[in-house]
Amino acid sequence: MKGVIHANADAQIVDITHDLPRQDVRTGAFWLREILPWYPPAVHCAVIDPGVGTDRDAIAIQAGEHVLVGPDNGLLLPVARELAGVNEPESVEDSQTLTESSLIAYSIQIDDPESTTFHGRDVFAPAAATIHEATVDNLGDLELLTPTESVVDLTFPKPTVQETKATGDVMVVDDFGNTITNIPGSWIEGVSALRVNGEQVPVADTYAGVATGVRLVTVGSHGNVELAVNQGRGDEAFGLEPGDGVHLER
Amino acid sequence: MKGVIHANADAQIVDITHDLPRQDVRTGAFWLREILPWYPPAVHCAVIDPGVGTDRDAIAIQAGEHVLVGPDNGLLLPVARELAGVNEPESVEDSQTLTESSLIAYSIQIDDPESTTFHGRDVFAPAAATIHEATVDNLGDLELLTPTESVVDLTFPKPTVQETKATGDVMVVDDFGNTITNIPGSWIEGVSALRVNGEQVPVADTYAGVATGVRLVTVGSHGNVELAVNQGRGDEAFGLEPGDGVHLER
Amino acid sequence: MKGVIHANADAQIVDITHDLPRQDVRTGAFWLREILPWYPPAVHCAVIDPGVGTDRDAIAIQAGEHVLVGPDNGLLLPVARELAGVNEPESVEDSQTLTESSLIAYSIQIDDPESTTFHGRDVFAPAAATIHEATVDNLGDLELLTPTESVVDLTFPKPTVQETKATGDVMVVDDFGNTITNIPGSWIEGVSALRVNGEQVPVADTYAGVATGVRLVTVGSHGNVELAVNQGRGDEAFGLEPGDGVHLER
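Protein chains in written order, with the numbering used here: chain A, 5 to 254; chain B, 5 to 254; chain C, 5 to 254.
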């Protein structure tokens with residue numbers, strides 16, 4: 005993919021990661037939404053694509069000065085909304101993302117690619133290069149792109165937050181083992197300890213706010229409640245993995 | 005290596021991978037041949053070097069507008085041929101790569117390097133930087149380089165392809181577990197199922213052409229027959245690893 | 005972090021590694037000291053930060069034309085000394101690094117960062133970007149930086165080297181399994197075999213100086229005694245890990 009981009013565009017490539025879980029569109033969508041808003045405007049090419057080679061579309065979405073390029077499987081919508089300041093709908097059924105917002109989506113023409121198994125190389129990288137060369141202001145003029153309002157959306161599970169109880173899900177586990185939930189960090193403000201799935205755990209501002217090896221609840225850099233261990237792995241200590249339910253009582 | 009290159013050349017470095025199997029020259033040669041033809045002309049520095057510090061040569065090979073830099077152990081010849089449009093010989097014994105082709109090979113002067121164990125840093129990176137600064141048109145003028153016709157070659161095992169049977173080898177397993185053989189994909193064109201080492205397996209154009217977790221035979225992005233699992237690992241499901249034999253019947 | 009840097013500076017980012025052991029400041033300090041002297045002058049941002057969010061300082065150290073940015077936990081001092089040509093003190097207690105040397109240290113103002121758990125993104129990357137834009141000659145003018153002489157130091161354990169015996173420690177194990185000690189390579193010059201923790205092992209200039217799979221003692225690219233296996237893992241064959249003692253007799 006890097007070779008194809010360099011062969012077709014005078015672009016600076018920033019390589020973000022190749023270490024996301026394989027085939028996991030939801031996790032990819034979560035991390036894109038966390039990471040890309042910290043970048044300056046750019047063409048962002050992201051490929052988690054279990055449907056490669058099938059009749060799923062390839063799409064580009066313009067969100068402000070950013071353009072997202074990837075498969076039409078929901079991977080790009082959450083970060084596109086974040087970049088454009090559009091609220092996430094309650095569920096995919098309620099999605100009116102494209103009609104109600106400043107997002108503009110395009111279907112990318114897939115023209116007899118060299119392979120059916122590596123569209124990163126054969127569809128997305130060349131499209132990203134073409135879009136980069138055209139610049140974001142001229143997407144409408146590219147033959148490669150056809151405006152569309154029908155793209156696959158993806159939303160994240162919503163937590164249930166009450167006064168003394170909150171129920172949510174593990175969204176992802178990061179590289180350190182920190183276990184990131186969808187419960188907003190504001191819910192634990194001013195709290196010094198919580199029951200996490202029935203067990204008492206201290207709340208701390210920092211990992212080092214508890215002794216080495218001790219479990220804690222904190223607010224992570226994403227703003228959500230995070231279950232962690234000081235200098236250890238929260239996922240192992242709490243016995244949790246992505247998709248598991250998390251019940252907090254304060 | 006990156007520091008040495010940046011200290012000695014005004015170059016843009018593209019970092020392709022550090023995740024190839026350790027010490028495995030053949031696998032490195034395979035992936036270089038697959039990957040580098042997608043790049044624009046460049047100085048490509050590749051180091052898989054079990055003989056580091058011994059009297060094995062360091063070489064540079066000019067292949068068209070590309071220059072390859074690395075140890076003289078066969079790593080660079082297959083991709084050099086691919087870049088220059090030279091056919092692979094039947095075997096290393098038949099190799100006349102350099103005499104019959106447009107490839108030009110040079111021995112790199114190894115002048116008392118700082119270490120005997122890290123020629124990536126002490127020999128190959130500085131040579132790549134010097135070559136980059138000189139540009140491909142001036143290789144003959146570099147004191148660092150001495151033309152040579154004696155370089156170590158490497159060829160890949162050839163499959164035996166008959167009308168209804170094909171026997172080959174697993175060349176490599178990719179990061180997803182896809183098991184890549186040396187049997188040409190054209191051999192399975194129009195076929196809907198095959199026996200793979202005796203077991204019936206469907207043929208599909210795409211991974212998603214079978215149900216999740218199901219084995220399939222497909223043509224990979226390299227053009228060869230590939231043994232895979234939809235959203236799973238082909239190597240584990242087929243019980244195969246690089247070097248293993250693969251027998252197909254249609 | 006890359007996004008924040010690109011959003012705040014016109015910089016070329018060189019991504020060295022994300023694969024160091026988690027939370028291990030000493031190992032990070034070792035590798036920084038080995039790697040950065042091969043780089044041209046630059047702003048080097050390094051984060052191994054078990055105390056993130058606590059009252060530990062964030063610091064920048066000017067060492068010649070280089071600037072190091074990271075947490076004030078010892079990570080940066082060994083490489084700063086190396087870059088400035090300052091000898092390592094016998095121990096942290098003897099450290100007069102900043103008063104006696106050409107190193108200039110600054111405390112980085114931490115101004116209500118967005119998170120308490122990811123100062124790489126919220127403190128160090130923005131500071132590195134600001135410093136890069138200001139250039140090394142103008143650090144004293146930056147409001148962000150306050151000169152300080154009180155920084156946390158870190159020294160490495162010293163070996164005991166006698167005429168026929170040397171005792172040291174495993175400093176780190178590299179990605180190949182090579183087991184790197186703190187015993188200077190000069191101590192094994194001209195020696196053909198050693199007892200390593202009581203067992204006879206050949207000394208060789210190169211990994212391939214012994215048969216495949218055989219253990220050897222060599223001098224690594226860092227100049228220290230290294231315990232290795234030709235095309236294998238020294239750490240496993242010697243049963244050693246970082247911090248273990250190593251006793252050599254010749």
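Derived by calculation from the structure, the hints in this document are not laboratory data.
Just to be clear, a hint being listed does not mean it is correct.
Listing some non-contacts, in silico: residues in chain B with all C-beta distances to chain C over 12 Å [as the list claims (entries may be wrong)]: (1) Met5; (2) Val8; (3) Pro44; (4) Glu92; (5) Thr121.
Some, not all, of what chain A presents toward chain B, calculated at C-beta under 8 Å [said to hold, decoys possible]: (6) Val56; (7) Ser119; (8) Arg125.
Simulated restraints on C-beta separations [what the hints assert, rightly or not]: (9) B/Lys162 to C/Thr164: 56 to 62 Å; (10) A/Thr216 to B/Pro25: 32 to 38 Å; (11) A/Gly249 to C/Arg26: 49 to 55 Å; (12) A/Glu167 to C/Asp23: 33 to 39 Å; (13) C/Gly247 to B/Ala215: 46 to 52 Å.
All values reported here derive from a predicted model rather than from experimental measurement.
Idealized CB from N, CA, C, for every residue including glycine.
Results for each hint:
Here B/Met5 does not stay apart from chain C, with its beta-carbon only about 8 Å from theirs, under the 12 Å limit. At roughly 5 Å, the least C-beta separation between B/Val8 and chain C is not larger than 12 Å, which violates its mark as non-interface. With a least CB separation of 19 Å from chain C, B/Pro44 remains clear of the 12 Å interface cut-off, as annotated. The claim that B/Glu92 is not at the interface with chain C holds, since no C-beta of that chain comes within 12 Å of its own (minimum 26 Å).
A beta-carbon of chain C is positioned within 12 Å of the beta-carbon of B/Thr121; the least distance is around 5 Å. Checking A/Val56 against chain B by beta carbon gives a least distance of about 6 Å; that is within 8 Å, so the hint holds. The beta carbon of A/Ser119 is positioned within 8 Å of a beta carbon in chain B (closest approach about 4 Å), and the interface hint is therefore held. This hint holds: A/Arg125 has a C-beta 6 Å from the nearest C-beta of chain B, less than the 8 Å allowed.
A beta carbon spacing of about 58 Å between B/Lys162 and C/Thr164 agrees with the range 56 to 62 Å that was offered as a hint. Checking the proposed 32 to 38 Å range against A/Thr216 and B/Pro25 shows it holds: the Cβ atoms sit about 36 Å from each other. Checked against the hint of 49 to 55 Å, the pair A/Gly249 and C/Arg26 fails, with Cβ atoms roughly 27 Å apart. Range check, A/Glu167 to C/Asp23: about 44 Å between beta-carbon atoms, so the 33 to 39 Å window is missed.
At roughly 50 Å, the beta carbons of C/Gly247 and B/Ala215 sit within the given window of 46 to 52 Å.
Hint check: violations occur at hints 1, 2, 5, 11, 12; the rest are consistent with the structure.
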